[in-house]
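Participant: Residue-level listing of the chains:
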Amino acid sequence: MNIPKLIYGSRLNFKESVHNFFATIAGLSIISLEFFRQVFLPPYEIAEIRKHMNELGIKTFPIVSITGLIIGLVLAMQSQPVFVRFGASDFLPGTVALSVVRELGPVITALIFAGRVSSGIGAELGSMRVTEQIDAMEVSAVNPFRYLIVTRVIATTMILPVLTIYVIFLAVFGGYIAVIITENMSFAYYKNAVISSIQYGDLIPGIAKTFIFGFIVGIVGSYKGFTAEGGTEGVGKASTTSVVIASLLILLVDVVLVKLTLLVWPTT
Amino acid sequence: MADNLITIENLSKGFNGKMILNNLNMSVFRGENLVVFGKSGSGKSVLLKCIIGLMKPDSGKIYVGDRELQKMNSDELNTFRKRTGFLFQGAALYDSMSVRENLAFPLIRNTEMNKQERDKKIINTLDLVSLGEAIDKMPSELSGGMRKRIGLARAIITDPEIMFYDEPTTGLDPITSKEISELIIALQHRLHMTSIVVTHDLICAKIISDRSIFLKDGDIIYNGILADLAGSDDPFLKNFFSDEPIKSGD
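These protein sequence lines are chains A and B, in that order.
Quick note on this note's numbering: the first sequence kicks off at 1 and runs consecutively.
Quick note on this note's numbering: the second sequence kicks off at 1 and runs consecutively.
There's no promise every hint is true.
[Said to hold, decoys possible] Sample of chain A residues with no beta-carbon within 12 angstroms of chain B, all distances over it, derived:
1. A26
2. E103
3. M137
4. S196
5. V258
6. T261
[Said to hold, decoys possible] Covered by chain B, per the in silico footprint, the following chain A stretches (three or more residues, Cβ under 8 angstroms):
7. 138-146
8. 231-237
[Stated by the list, open to error] Simulated crosslink set (DSSO-like; lysine-lysine; CA at most 30 angstroms straight-line):
9. A:K15 - B:K137
10. A:K51 - B:K82
11. A:K237 - B:K56
12. B:K18 - A:K15
13. B:K121 - A:K51
14. B:K137 - A:K51
15. A:K51 - B:K115
16. B:K206 - B:K216
17. B:K137 - B:K120
18. B:K120 - A:K51
19. A:K59 - B:K137
20. A:K237 - B:K18
Just so you know, these hints were derived from the structure itself, not from any lab.
The C-beta atom is built at its ideal place from N, Cα and C for all residues, glycine as well.
Excised from the complex, chain A in its bound form:
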């Protein structure tokens, strides 16, 4: 698989694709460092952060609701015949919950969030770049990085864990729906089985990594939008490459984080 070409499209030759790939990695590193340099400096633009959090939450709420329910439903439906065959139906609630809390909930929510939000940020900032709105902000003696990027990245970093917790609850509930279709299991029993199977070592890393995923979604969309060039074509490119890069980074970072989690909580 040619990852650089996957990100930048087939029109570029290999050398250009590799150059762009490393330029993006360098650009993302620089913009991330700049974010941490500027995030603690005033003005804090709290109203703007709140506005973005509301918008992003509302924008992604319907799609993550459906996804959350379906993840749990499908996972339980797929697993149930196997558990029944081995007489282990009692373990089904715990298995669904663990899968959703540890991996499926955080990663799938982050991927959906990337598709919905990273592309939106890329398109919005890209459009502002090519129509000189960012230049206008700069000549007004306003720091566009702090106003546009820092606020959005904080918003994505804060809202994704909230959405993930919501998705986890829905997925667990979806699992219950699948179970009661074929089995006679009370909600109290299902709930107790779920609670007893989840430990801090499952919950904390699962939720903690969504802060990192949220940061990735915000920073990638902001970077691609802020550096967009070439009119409307550049805006479209910023939007689509944001999704691809953010999704790939989420998956790659997840591998690293899973490994780290297993080092910190080896028994989990």
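Based on the hints, put chain B in the right spot on chain A.
Facilitator: Same frame as chain A, now just chain B:
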């Protein structure tokens, strides 16, 4: 001797190996309206963006008063920018904000005004550009001429000392162009600003210009009053300002 507000020495700027501005020297005098002419791609907008610090020159120096622009730190650069207003070619209104919010944006961040004072200032400034009724409209609801007027209102709302206009009449019909040009000169007289206007529009220049310069091949080929420029015997300049079709070989 005239009071130099901006002095440019040996300014060069290129893109992808092509020099757009080549060892350019010029001055902008306090209180004047300087019109910058040139063909598309001759570096007029690049010149403005270098002066305001949106682009870094490859070489050369830009002085604002006696302070060198390239040696200013970000606070000093922002202090300079607070003394300026910039009307962009497409007005560059913030799409996600209403007209009121667009105008409030620089006031909230660059002044100590409270909400009442800000609202009063916004209404007064919109009255100056005759668009008081557009205060709660979104940029997408405005026509091209209205966007330019709102862009102008946003640029002047902080009472700038220096105004930069990048093609203020491009894309507008002749009547609206004339209205915008007359508005610019009326505001200039009222607010006593120094203006640098990049344009192709001879009617606009006739209304606004105290002095004109013409950029060609990265350098100034004419510096003087508009009447002499428009009546020049130079074949290139003659052709530029002529209404007649371009002759082959010109």
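Participant: Identify every previously stated hint that the structure contradicts and give their numbers, smallest first.
Facilitator: 3, 8, 9
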